[in-house]
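Based on the sequences and whatever the hints tell you, model everything.
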Amino acid sequence: MTIQVVDVSKRFGTFDALNGVSLDIAPGELVALLGPSGSGKTTLLRVIAGLEQPDSGRVLFNGEDTTDTRVQEREVGFVFQHYALFRHMTIFENVAFGLRVRPRATRPGEKEIQRKVHELLGLVQLDWLHDRYPHQLSGGQRQRIALARALAIEPKVLLLDEPFGALDAKVRKELRRWLRRLHDEINLTSVFVTHDQEEALEVADRVVVVNHGKIEQVGTPDHVYDHPATPFVYQFLGNVNRFEGRIHRGVAHIGGGEVLAPDHADAHEARGTAYVRPHDIDIADAPDVSTVEATLDHAVKIGAMVRLELSRRDNGDFVEVELTRERYDSLQVSEGNVVYLRPRRARVFIDDKPADGAAVKLNSNSKLGSDAKTPHAA
Amino acid sequence: MSAIAIASSTNTHTAKRHKPFPWVPVTLCTVALLYLALFLFIPLATVFFEAFKKGVGFYFNAITEADTLSAIRLTLIAAAISVPLNLIFGIAAAWAIAKFDFHGKSLLITLIDLPFSVSPVISGLIYVLVFGLQGWLGPWLDANNIKIIFAVPGIVLATIFVTFPFVARELIPLMQAQGRDEEEAAAVLGASGWQTLWYVTLPNVKWGLLYGVILCNARAMGEFGAVSVVSGHVRGLTNTLPLHVEILYNEYAFAAAFATASLLAGLAVVTLVVKVIIEHRFLKETK
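Those protein sequence lines, which keep their order, are chains X and U. Under my numbering, the first residue of the first sequence carries the number 1, and numbering increases by one thereafter. Under my numbering, the first residue of the second sequence carries the number 379, and numbering increases by one thereafter.
Please keep in mind that the hints were generated in silico from the structure rather than gathered at the bench. Backbone N, C-alpha and C define an ideal beta-carbon position, used for all residues, glycine too. Errors might be hidden in some of the hints.
[Stated by the list, open to error] Sample of chain U residues at the chain X side, in silico, Cβ under 7 angstroms:
| # | residue |
| --- | --- |
| 1 | Asp559 |
| 2 | Glu562 |
| 3 | Ala563 |
| 4 | Ala565 |
| 5 | Val566 |
| 6 | Leu567 |
| 7 | Gly568 |
| 8 | Ala569 |
| 9 | Gln573 |
| 10 | Val578 |
| 11 | Pro581 |
| 12 | Asn582 |
| 13 | Glu629 |
[Stated by the list, open to error] Each pair of labels, with its calculated beta carbon distance range:
| # | chain 1 | residue 1 | chain 2 | residue 2 | range |
| --- | --- | --- | --- | --- | --- |
| 14 | X | Thr106 | U | Leu661 | 33 to 43 angstroms |
| 15 | U | His481 | X | Thr67 | 20 to 30 angstroms |
| 16 | X | Trp178 | U | Phe480 | 34 to 44 angstroms |
| 17 | U | Lys662 | X | Thr324 | 52 to 62 angstroms |
| 18 | X | Gln114 | U | Leu661 | 29 to 39 angstroms |
| 19 | X | Arg104 | U | Gly614 | 46 to 56 angstroms |
[Unchecked claim] A short list of chain X residues far from chain U (calculated; beta carbon distances all over 10 angstroms):
| # | residue |
| --- | --- |
| 20 | Asp205 |
| 21 | His248 |
| 22 | Glu269 |
Structure, rendered in structure tokens:
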């Protein structure tokens, strides 16, 4: 089953939840809608499900326009963030619900319902809980039951709204691997919403990065991580250092150092920002044209890696560098030393607006360390 | 050593915090009990004491007297019509308010509360002004020989008006707290609106619903003010139980008045007991 979203827009009052979004999903794909809260990713999922009617645009299943098909007839499986199990029904009845409410003509017999529900409960490995009530189950178990319930109606597509958002970190990790395996087994076109980049990168075939009601980038996890299309994607996926500076004829001048920016060969004295991942920065022995001076504030050893927290000598901005333990030891530097940063790989974006006050502010905020992860839209 | 010292000092600290002012709960309980005794238990006991003052025989004669029986019948009729109507209205209003977004929602909530904020006498008077002989629809009703004011329909109308917030008020916060997730889940699974209401929404609020019905019924049977205005106090015809008590009392038939009143007091006690049982079940299920 393919899903096509064509130029969909949706407003809530004065808030643009979706703004001309188009997206193609191939049969059997597992796609993640990734974005900060308020980005419109859940609205997009609900529009695909039919729980929300778009103001304009269309949704097609297998090329067929389903925009005006009621949610009851769309045959989608939907898993809610907070499970939404029927609290007064047993686990068995929860899973059987979708079969029992069918019109008499298509409703399976009691025997068939029994067989099917137990089969589904077996699939999510929770058949032994069939006579319990939802409140007697753990969060992870509830979410698996919610999935079994969604699959009971043999949906054409499976939609999951932050399926692991309400679970603790350990269960979340287990469950998302399990979901990946389950998806490979049943091969149902699936879309899930998440704000957790790690989850999206680990589980999905393709990642759709959403921000401000628009799609920023679509691609495989590797592609969006290694080749972010916009500054937003760069900052939202993984840690990143920002070096602001001047771009001139294919070279970015940042804090005394120069970084090649071949994309911008025709730039002329433009303001821009170079984005560099912490593991794409090396420490040079001596200063040269491509290095930036910085003071080492902290070196945190995490397993085989060392995370260096530095501040630039020219403007005090926070910079994060990741080195292997081996490389760090060979450098023989200690906290308080001045070192020379050499970006190995950078992506330079020319600023849209010439004096972007917000960007400067964010950079100084990132002294908090993990802040570089936070998107400025959050 | 120092760890032990810290532990023991926190212990005395928590022990102190357990009972900061031991006389506070005692005083509060005493005040509450005295208040209840003065304003609730003594009057309630008086009702039954006065009712049986002239003996059990007199009591049963009083409550099986023709006018009293007619008052009981009318009270039951008024409750039997107004409670189911308010049940339907209450479910519809609560469902709309809690599960859907529409313009004028807060206006609807305000209107539902109106009978609580208007004096019952005023609401009775409104019906007289609308349906009475001098009222807007009076001449037309008279011409078509339809009697509403000073007749049973008026009493039923007044009772419905006074009792209509009860079920809705009970359900709205409950349904709002439960959110829309389960309804949406039911819709995605293919359930129609009626199936969702019947299999998902109502089972989730059944105890709240029952609770609202009990309160609604108690008020429907006990309503005095609004019914008094539209009834006309025709003995054996348009007298409900509360009105009948007043008439007997005004005629100095004290024992008969208290005997009739004891029926209403009994209803109140039964209502309270049922209410406690429902609350207990409700708490147990939400745990």
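Against the structure, the hints come out as follows:
1. Asp559: With Cβ-Cβ at 4 angstroms, under 7 angstroms, it holds.
2. Glu562: Since chain X brings a Cβ to about 6 angstroms from Glu562/U, closer than 7 angstroms, the hint holds.
3. Ala563: 4 angstroms, holds
4. Ala565: Nearest chain X Cβ about 5 angstroms off; hint holds.
5. Val566: 4 angstroms, holds
6. Leu567: Status holds, d = 4 angstroms.
7. Gly568: Holds, because the Cβ-Cβ distance from Gly568/U to chain X comes to roughly 5 angstroms (cut-off 7 angstroms).
8. Ala569: The hint holds - Ala569/U has a Cβ within 7 angstroms of chain X, the shortest such distance being about 4 angstroms.
9. Gln573: It holds, given that the least Cβ distance between Gln573/U and chain X is near 5 angstroms, below 7 angstroms.
10. Val578: OK, holds: Val578/U within 7 angstroms of chain X, min 6 angstroms.
11. Pro581: 5 angstroms, holds
12. Asn582: 6 angstroms, holds
13. Glu629: Not OK, violated: Glu629/U not within 7 angstroms of chain X, min 53 angstroms.
14. Thr106/X with Leu661/U: 33 to 43 angstroms: Distance hint for Thr106/X, Leu661/U holds at roughly 41 angstroms.
15. His481/U with Thr67/X: 20 to 30 angstroms: With Cβ atoms ~24 angstroms apart, the hint holds.
16. Trp178/X with Phe480/U: 34 to 44 angstroms: Taking Cβ atoms as reference, Trp178/X and Phe480/U lie about 41 angstroms apart, which means the hint holds.
17. Lys662/U with Thr324/X: 52 to 62 angstroms: Once the Cβ atoms are compared, 59 angstroms apart, the range 52 to 62 angstroms for Thr324/X and Lys662/U holds.
18. Gln114/X with Leu661/U: 29 to 39 angstroms: This hint holds: roughly 34 angstroms between Cβ atoms.
19. Arg104/X with Gly614/U: 46 to 56 angstroms: At roughly 53 angstroms between Cβ atoms, Gly614/U and Arg104/X fall inside 46 to 56 angstroms, so the hint holds.
20. Asp205: 23 angstroms, holds
21. His248: Since the minimum Cβ distance to chain U is about 54 angstroms, His248/X lies beyond 10 angstroms and the statement holds.
22. Glu269: 52 angstroms, holds
Hint violations for this structure: number 13 only, all remaining hints satisfied.
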